[in-house]
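Colleague: Each chain, written out:
There are 4 protein chains.
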Amino acid sequence: MVDINKWEFITPGIPDIYFAQDNNPNMTKEEVRCLTLCKVRLKIDSVVYDIGAGIGTIAIEAALLAKEGLVFAVEKNPPAAAIILKNAKKFGVNNLRLIRGEAPEALAELPLADRIIIGGSGGRVKEVLSAAQAKLKPQGRVIVNAITVETLATAVKQFAAMGLDEVNTCCLNITRVKQAGRAKIFKGMNPVFLIVGESRGK
Amino acid sequence: MVDINKWEFITPGIPDIYFAQDNNPNMTKEEVRCLTLCKVRLKIDSVVYDIGAGIGTIAIEAALLAKEGLVFAVEKNPPAAAIILKNAKKFGVNNLRLIRGEAPEALAELPLADRIIIGGSGGRVKEVLSAAQAKLKPQGRVIVNAITVETLATAVKQFAAMGLDEVNTCCLNITRVKQAGRAKIFKGMNPVFLIVGESRGK
Amino acid sequence: MVDINKWEFITPGIPDIYFAQDNNPNMTKEEVRCLTLCKVRLKIDSVVYDIGAGIGTIAIEAALLAKEGLVFAVEKNPPAAAIILKNAKKFGVNNLRLIRGEAPEALAELPLADRIIIGGSGGRVKEVLSAAQAKLKPQGRVIVNAITVETLATAVKQFAAMGLDEVNTCCLNITRVKQAGRAKIFKGMNPVFLIVGESRGK
Amino acid sequence: MVDINKWEFITPGIPDIYFAQDNNPNMTKEEVRCLTLCKVRLKIDSVVYDIGAGIGTIAIEAALLAKEGLVFAVEKNPPAAAIILKNAKKFGVNNLRLIRGEAPEALAELPLADRIIIGGSGGRVKEVLSAAQAKLKPQGRVIVNAITVETLATAVKQFAAMGLDEVNTCCLNITRVKQAGRAKIFKGMNPVFLIVGESRGK
Numbered sequence: 404m405v406d407i408n409k410w411e412f413i414t415p416g417i418p419d420i421y422f423a424q425d426n427n428p429n430m431t432k433e434e435v436r437c438l439t440l441c442k443v444r445l446k447i448d449s450v451v452y453d454i455g456a457g458i459g460t461i462a463i464e465a466a467l468l469a470k471e472g473l474v475f476a477v478e479k480n481p482p483a484a485a486i487i488l489k490n491a492k493k494f495g496v497n498n499l500r501l502i503r504g505e506a507p508e509a510l511a512e513l514p515l516a517d518r519i520i521i522g523g524s525g526g527r528v529k530e531v532l533s534a535a536q537a538k539l540k541p542q543g544r545v546i547v548n549a550i551t552v553e554t555l556a557t558a559v560k561q562f563a564a565m566g567l568d569e570v571n572t573c574c575l576n577i578t579r580v581k582q583a584g585r586a587k588i589f590k591g592m593n594p595v596f597l598i599v600g601e602s603r604g605k
Numbered sequence: 404m405v406d407i408n409k410w411e412f413i414t415p416g417i418p419d420i421y422f423a424q425d426n427n428p429n430m431t432k433e434e435v436r437c438l439t440l441c442k443v444r445l446k447i448d449s450v451v452y453d454i455g456a457g458i459g460t461i462a463i464e465a466a467l468l469a470k471e472g473l474v475f476a477v478e479k480n481p482p483a484a485a486i487i488l489k490n491a492k493k494f495g496v497n498n499l500r501l502i503r504g505e506a507p508e509a510l511a512e513l514p515l516a517d518r519i520i521i522g523g524s525g526g527r528v529k530e531v532l533s534a535a536q537a538k539l540k541p542q543g544r545v546i547v548n549a550i551t552v553e554t555l556a557t558a559v560k561q562f563a564a565m566g567l568d569e570v571n572t573c574c575l576n577i578t579r580v581k582q583a584g585r586a587k588i589f590k591g592m593n594p595v596f597l598i599v600g601e602s603r604g605k
Numbered sequence: 404m405v406d407i408n409k410w411e412f413i414t415p416g417i418p419d420i421y422f423a424q425d426n427n428p429n430m431t432k433e434e435v436r437c438l439t440l441c442k443v444r445l446k447i448d449s450v451v452y453d454i455g456a457g458i459g460t461i462a463i464e465a466a467l468l469a470k471e472g473l474v475f476a477v478e479k480n481p482p483a484a485a486i487i488l489k490n491a492k493k494f495g496v497n498n499l500r501l502i503r504g505e506a507p508e509a510l511a512e513l514p515l516a517d518r519i520i521i522g523g524s525g526g527r528v529k530e531v532l533s534a535a536q537a538k539l540k541p542q543g544r545v546i547v548n549a550i551t552v553e554t555l556a557t558a559v560k561q562f563a564a565m566g567l568d569e570v571n572t573c574c575l576n577i578t579r580v581k582q583a584g585r586a587k588i589f590k591g592m593n594p595v596f597l598i599v600g601e602s603r604g605k
Numbered sequence: 404m405v406d407i408n409k410w411e412f413i414t415p416g417i418p419d420i421y422f423a424q425d426n427n428p429n430m431t432k433e434e435v436r437c438l439t440l441c442k443v444r445l446k447i448d449s450v451v452y453d454i455g456a457g458i459g460t461i462a463i464e465a466a467l468l469a470k471e472g473l474v475f476a477v478e479k480n481p482p483a484a485a486i487i488l489k490n491a492k493k494f495g496v497n498n499l500r501l502i503r504g505e506a507p508e509a510l511a512e513l514p515l516a517d518r519i520i521i522g523g524s525g526g527r528v529k530e531v532l533s534a535a536q537a538k539l540k541p542q543g544r545v546i547v548n549a550i551t552v553e554t555l556a557t558a559v560k561q562f563a564a565m566g567l568d569e570v571n572t573c574c575l576n577i578t579r580v581k582q583a584g585r586a587k588i589f590k591g592m593n594p595v596f597l598i599v600g601e602s603r604g605k
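Residue numbers (my numbering), protein chains in the order written: chain A, 404 to 605; chain B, 404 to 605; chain C, 404 to 605; chain D, 404 to 605.
What the hints contain is simulated information worked out from the structure, not anything from laboratory work. Each hint should be verified, as a subset may be incorrect.
For chains that are exact copies, the list does not tell them apart, and a pair is met inside one copy or across any two.
[As the list claims (entries may be wrong)] Below, a list of computed lysine-lysine pairs in the DSSO-like style, where the Cα atoms sit at most 30 Å apart:
(1) K489 / K581
(2) K492 / K529
(3) K590 / K529
(4) K470 / K493
(5) K492 / K409
(6) K560 / K581
(7) K581 / K538
(8) K432 / K470
(9) K446 / K489
If we strip away everything but chain A, and leave its shape as in the complex, we get (with noise of 0.2 Å):
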């Protein structure tokens, strides 16, 4: 069993059960979550951006993964806000700092990103990729998780104009099989895709 007061393993994958939720519907889910922070590619001490955290679950892992590094969790939903603070609290993670607004103004004030993870733009995908391109440090890395066709198609465009490197994009399409009765039935998830990218720079 899992004491979430001490999360105390070294891979991502929080199981979502374990976060606070509240009536908050959306979240992202494990598997999706693990691959975003895995194709981000954190380092110990990155400084990351979680645009549009919703209920913080990537923000939190990836704070409890960058040990010595530093999270902005972006989210401009107040409630949804407000749940951050409480995951932040239910697994200790001191080096996450919450942004109440929305990107790309938000994001203004920050210091320059190493990671960049757009989970949510609002419709706004191209502002906040341009946003998010003025922000980040040479070699740092870029991803959208989309789950509308709108998103996919911005995004795929703006990282072929915004000059990145290592362009990588996957769709992740996970079936879940759950106990029901007997048997072990399979569930679908909505599937996501992740666009990737880098920075080019010395």
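Chains B, C and D: place on chain A using the hints.
Modeller: Quick look at chains B, C and D alone, frame taken from chain A:
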């Protein structure tokens, strides 16, 4: 717009919403229904069993396509069985017979079948397949829709043991794209394995 | 065993191996072909265009199903076009016309269509859709099979701009299960998005 | 660009192309590797077995992450085993031991394990799991990567029989998006089921 009193198409694929469903939570979704009927390969005069027919969506489509054939919809659950009749009436189908009961017992009195579709087996897929084999004409085809690991494993093993010909197995993983505000969002459906085979004989 | 000189079934789903393919590397796979024909909804007398017909697998199946209709297979690549004729002969199809050329230009002389299937558009899906709209009868149906992000994005946008009715988009992700020694191994196929809509009118 | 002589990231996810592969046709793909390591949950000092290690991609990543631990890569195929050593050298890994042999026999002399990853079992997953259970420390975790129906079915059944805790099963279906000319094309990968569980204990 579809006028459901005359589904006038010669291909499977009645949209889910055109079926009466009442409070029944489950139905075989359009895309799975289509591929099930395609893989089992109907003729105009096929005698078809739909075992574990649920609310009858596969049986109705089979009956509409195999106009000169006869479809036996076998369903043990009384409320679901009632909806089958409602759907048969709704689509003007009169070559469908409702068999209130459970396979394998309920198959005893039925005429031999050209096609047997096993949508639900109440965890008894092995016995149901045995009974199906006894009822299947030469060059008849049988298909299992498996939504659990157990049914998949048993069906694959039994198809080999039964000496069926042309055994073909696939998994159908459908994502629907739904309008949500201004965006088109990806919605994962539950995957279904289809295992189909053909009886030998002249 | 299927005798391909008389595909005697009333449902789509000819196995891939029964088509002549020669050295042509691509073909629309059985399951995608089935669902394309189901979603576009054939009538017995439909006039169908298959644009970017490749080696003709969809066109052949459409012609076999719509026995009293007429199928125009539009293909610009000469070797592929030659295989279409070979397949038409193989399956005894005589209500298929090969149009050697490229859409939209090649559509100019054709009679109006009940159904338009766009399997390939050479990256010109926007123009092809415009031309398709001009050729589509009222309550006609058009479907795009998208295997790239660009075609998916353009088709989704154009379908909305064209004011089509009953627009429906899904992604088909098929896993085939293949015998490999004693085991049945999972083989992923390439996913295909299907975008279908209907023209308004009386 | 990644300098493979110093993979400096604290998350899994070395791109496939950075591994020596020689003529070996199979490798655990990046996304599957990531999720396998996440689901098995490493600690900095974990003792890990990688059974059926192939060319060693999972073992290498595990060794890089669990810096103070020890990884035993068990592989019976001599050419693959040779590539493991090549990859260990390439990534500067020195906490990896190659065990040339086959599970369960090859496990006899190994120290107890915190984590057991069964990537390949040569069709003997039941015996391998028995042996794994005997070697697993309390609160140790074991994961099976199943690419066949048979391994999936056996693993699911054995995990229940072994009384493992926190059993979790999912299927990972990855689509990669590849540049092809001007377009980004969807390429389906082979799905893999991951079955993971934890041994009970004080």
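Colleague: Can you give me the call for K590 and K529, within, between, both or neither, at a CA distance of at most 30 Å?
Modeller: Answer is between: at 23 Å across copies they meet the 30 Å cutoff, but 33 Å inside does not.
Colleague: Under a CA distance limit of 30 Å, which applies to K581 and K538: within one copy, between copies, both, or neither?
Modeller: between (42 Å within a copy, 28 Å between copies)
Colleague: At most 30 Å between CA atoms: does that hold for K489 and K581 within a copy, between copies, both, or neither?
Modeller: within (28 Å within a copy, 32 Å between copies)
Colleague: Have a look at K492 and K409 and pick one of within, between, both or neither, based on CA distance no larger than 30 Å.
Modeller: Classified as within: same-chain Cα gap 11 Å, cross-chain 34 Å, threshold 30 Å.
Colleague: Using 30 Å as the alpha-carbon threshold, which applies to K446 and K489: within, between, both, or neither?
Modeller: Both, since 25 Å and 25 Å are each at most 30 Å.
Colleague: Given identical chains, is K470 near K493, meaning Cα to Cα at most 30 Å, within a copy, between copies, both, or neither?
Modeller: Classified as both; 16 Å inside a copy, 27 Å across copies.
Colleague: When Cα atoms must be at most 30 Å apart, do K560 and K581 count as within-copy, between-copy, both, or neither?
Modeller: Classified as between: cross-chain Cα gap 14 Å, same-chain 38 Å, threshold 30 Å.
Colleague: Please sort K492 with K529 into within, between, both or neither, judging by C-alpha distance up to 30 Å.
Modeller: neither (33 Å within a copy, 43 Å between copies)
Colleague: Treating 30 Å as the Cα threshold, decide for K432 and K470: within, between, both or neither.
Modeller: Result: close both inside a copy and across copies, 22 Å intra and 28 Å inter.
Violation of the numbered hints given earlier is confined to hint 2; every other hint is satisfied by the structure.
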